[in-house]
Every structure is written in structure tokens, then in C-alpha cells.
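Visitor: Start from the sequences, fold in the hints, and give me the full structure.
One-letter residues, chain by chain:
2 protein chains.
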Amino acid sequence: MKKRTQDISISDLLRGNTRTLLLAILKDGPTHGYGILYELERRSEKMLEFKQATLYPLLHDMEDEELIVSEWDVREGERPRRVYTITDKGQKELEKRLETFHEFSMTMYRIVGLNPNERAR
Amino acid sequence: MKKRTQDISISDLLRGNTRTLLLAILKDGPTHGYGILYELERRSEKMLEFKQATLYPLLHDMEDEELIVSEWDVREGERPRRVYTITDKGQKELEKRLETFHEFSMTMYRIVGLNPNERAR
DNA sequence: TCCTGATACCTTGTTAGGCATAGTATCATG
DNA sequence: CATGATACTATGCCTAACAAGGTATCAGGA
Numbered sequence: 001m002k003k004r005t006q007d008i009s010i011s012d013l014l015r016g017n018t019r020t021l022l023l024a025i026l027k028d029g030p031t032h033g034y035g036i037l038y039e040l041e042r043r044s045e046k047m048l049e050f051k052q053a054t055l056y057p058l059l060h061d062m063e064d065e066e067l068i069v070s071e072w073d074v075r076e077g078e079r080p081r082r083v084y085t086i087t088d089k090g091q092k093e094l095e096k097r098l099e100t101f102h103e104f105s106m107t108m109y110r111i112v113g114l115n116p117n118e119r120a121r
Numbered sequence: 001m002k003k004r005t006q007d008i009s010i011s012d013l014l015r016g017n018t019r020t021l022l023l024a025i026l027k028d029g030p031t032h033g034y035g036i037l038y039e040l041e042r043r044s045e046k047m048l049e050f051k052q053a054t055l056y057p058l059l060h061d062m063e064d065e066e067l068i069v070s071e072w073d074v075r076e077g078e079r080p081r082r083v084y085t086i087t088d089k090g091q092k093e094l095e096k097r098l099e100t101f102h103e104f105s106m107t108m109y110r111i112v113g114l115n116p117n118e119r120a121r
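From first to last, the protein sequence lines stand for chains P and E. Quick note on this note's numbering: the first sequence kicks off at 1 and runs consecutively. Quick note on this note's numbering: the second sequence kicks off at 1 and runs consecutively.
If you are wondering where the hints come from, they were derived from the structure by calculation, not from laboratory data. The C-beta atom is built at its ideal place from N, Cα and C for all residues, glycine as well. Hints may contain errors.
What the hints assert, rightly or not - When the alpha-carbon atoms are kept at most 16 Å apart in a straight line, the in silico EDC-like pairs for lysine to aspartate or glutamate are as follows:
{"id": "1", "chain 1": "P", "residue 1": "LYS3", "chain 2": "E", "residue 2": "GLU63"}
{"id": "2", "chain 1": "E", "residue 1": "LYS96", "chain 2": "P", "residue 2": "ASP7"}
{"id": "3", "chain 1": "E", "residue 1": "LYS89", "chain 2": "P", "residue 2": "GLU66"}
{"id": "4", "chain 1": "P", "residue 1": "LYS96", "chain 2": "E", "residue 2": "ASP7"}
{"id": "5", "chain 1": "E", "residue 1": "LYS27", "chain 2": "E", "residue 2": "GLU78"}
{"id": "6", "chain 1": "P", "residue 1": "LYS46", "chain 2": "E", "residue 2": "GLU49"}
{"id": "7", "chain 1": "E", "residue 1": "LYS3", "chain 2": "P", "residue 2": "GLU66"}
{"id": "8", "chain 1": "P", "residue 1": "LYS3", "chain 2": "E", "residue 2": "ASP61"}
{"id": "9", "chain 1": "P", "residue 1": "LYS92", "chain 2": "E", "residue 2": "ASP7"}
{"id": "10", "chain 1": "P", "residue 1": "LYS2", "chain 2": "E", "residue 2": "GLU63"}
As the list claims (entries may be wrong) - Stretch by stretch, here's where chain P covers chain E in the computed footprint (C-beta under 8 Å, at least three residues):
{"id": "11", "region": "5–13"}
{"id": "12", "region": "20–31"}
{"id": "13", "region": "36–48"}
{"id": "14", "region": "65–71"}
{"id": "15", "region": "77–85"}
{"id": "16", "region": "109–115"}
As the list claims (entries may be wrong) - What follows is a list of derived Cβ distance ranges for each label pair:
{"id": "17", "chain 1": "E", "residue 1": "ARG79", "chain 2": "P", "residue 2": "ILE10", "range": "39 to 45 Å"}
{"id": "18", "chain 1": "P", "residue 1": "THR85", "chain 2": "E", "residue 2": "TYR34", "range": "56 to 62 Å"}
{"id": "19", "chain 1": "E", "residue 1": "ASP61", "chain 2": "P", "residue 2": "TYR34", "range": "34 to 40 Å"}
{"id": "20", "chain 1": "P", "residue 1": "PRO30", "chain 2": "E", "residue 2": "LYS3", "range": "41 to 47 Å"}
{"id": "21", "chain 1": "E", "residue 1": "ALA53", "chain 2": "P", "residue 2": "ASP64", "range": "29 to 35 Å"}
{"id": "22", "chain 1": "E", "residue 1": "VAL74", "chain 2": "P", "residue 2": "GLU66", "range": "56 to 62 Å"}
{"id": "23", "chain 1": "P", "residue 1": "ARG82", "chain 2": "E", "residue 2": "GLU49", "range": "27 to 33 Å"}
Guide: Set out below in C-alpha cells:
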């Protein structure tokens, strides 16, 4: 039976990389949840985005895992924000994840016979 | 509550890249299922592997999607093998997928501040 | 002779990560 | 005073990859 071709899904490519992205953004300074959404959009030039339903539970999990810590930033006349800071454990986790990501990506490039330095056609 | 850190999972990184890998391998010539497993292991130097429960259903789906075609290769005194060949549609799909993969990967590198040309530490 | 491991294919049900959807609330702007 | 942006949270769904199990043939060793 003929079926429609599976769409290529960014969500699937994102899978397994969300923690890495979060840690990488937080490495450059404490940020609150909503700000991370903005920062990711900015750095990726709108190619990538987290859905709120992805981001917030993930932040909570990562705090449970002690990769990040949070504190409420309450200011007069402003909505309270929960600001997240990367921990030492988080830094180490980031290093490990970057290594794995890099190794995986280079293996992918090798297998498919693509050169990472060439511009996309 | 403290939780154990999520392990970095190759399965998750693989997600969304399996069709791309399959098509890339079949692009270099018709191959039977079990042979694809071997070829992937060889090209990735054992970093990547498909589980059989991933491979076979995927091959069937991709045949339904007309990205590949199969025929039984029956030989005297040998177990029958189902040999898969990439179609024109599959070739085009591969191109699209490679473009998306490349774009995604380069975006990842940019966001995490890693240089794809540097060796992993 | 029988057992193990490799080859070769297939199926059923589970898992878990990302998401759709919905809800709450504040503030600026027109 | 309605809308959109900001800011956080919770519940339940979807689906790709996998664990586990099955069938069968053949070679090689104990």
C-alpha cells in the first residue's frame, strides 16, 4: 500500500539535544525560562525553538538532576521570573554532551558522505 | 527531589536520522537488510547501529513510501535475502534530508559555540 | 551428535521525549 | 477594554526507536 512520505521533522532531530542546548545557553549567563526561548530563537535565526511544554518541564527535571539551580527574581512592578544558573555538575555534563554531539555528528557526516565545511546546496 | 542525571543516549540522537542513514547506504548500491546492519557498523566504526526491530519495520515503511524497492534474492543452497534498491524518489528524499541535517547540525554548532573542524577534546 | 554463534527475516508491545492544549496572571498599547 | 507579549505551570497524547521474542539455515567445534 502506498503511503505518504514521512516529513522531515526538526522535533525529531532536536530529540536528545535539548539538554545540550539549554546548558549551552545557560553557560553564557543566568537566564529565566522565557528568556531562553528568545535566546534560542535569536541564536538559531529562528531555525530552532523550544515549545513551552518542552522547556519548563525540562528545566524542572534538570534542576532535580542538579545540573542547574533556580531562584525567583522578584522586582517591584515586574512579574516574578525564575532565573536559572548552571552548576559545576551542569558544566561537566555540558562538556560530555558536546563531545558526544560532535562525535555523533562527524560520524553522520562520514556515513552519508557529506563534507561539513561545504555550504548547503 | 534529587534525580540521577539522564544518560546521553545515542538512540535519541539517532531519532530522525535513521531514514537518512538508510538511504545514504542504499545510494551506494542495493543491499539486503542484514547487510545494511553490517555496513552501518563498518562505516561508523561501531559507533552507530540499528536494532533489528528498528531496521525491518523501517524498510517496510520506506517501501510503502516508494523510497526503496525490494526483491527476493534466492540462490541455490543459500538463505533467501530481500535486497533493497533506492528509487529516484528516494534519491530526492535523501538530498532533502541531507540538506536539513546539514543545516540543523551547523545551527547546533553555532548555538553551542563549537567548531566542527576541531577534534573532540 | 549436539550446541553455539552467525546469518537472515519478522512481529508485538513498551518507553520516553517533545508537543498540543489549556490555564493563570500581569502589563503596555491603541 | 481588548489584544498581544511576557511569564510560568500542568495534563495527556503521539510516535520513533527499541526490548524481547519468534522462525529458520548453516558452519564449526566439543
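Visitor: Taking each numbered hint in turn, which are not upheld by the structure, reported in ascending numerical order?
Guide: Violated hints (numbers, rising): 3, 5, 6, 15, 18, 20, 23; every other hint is consistent with the structure.
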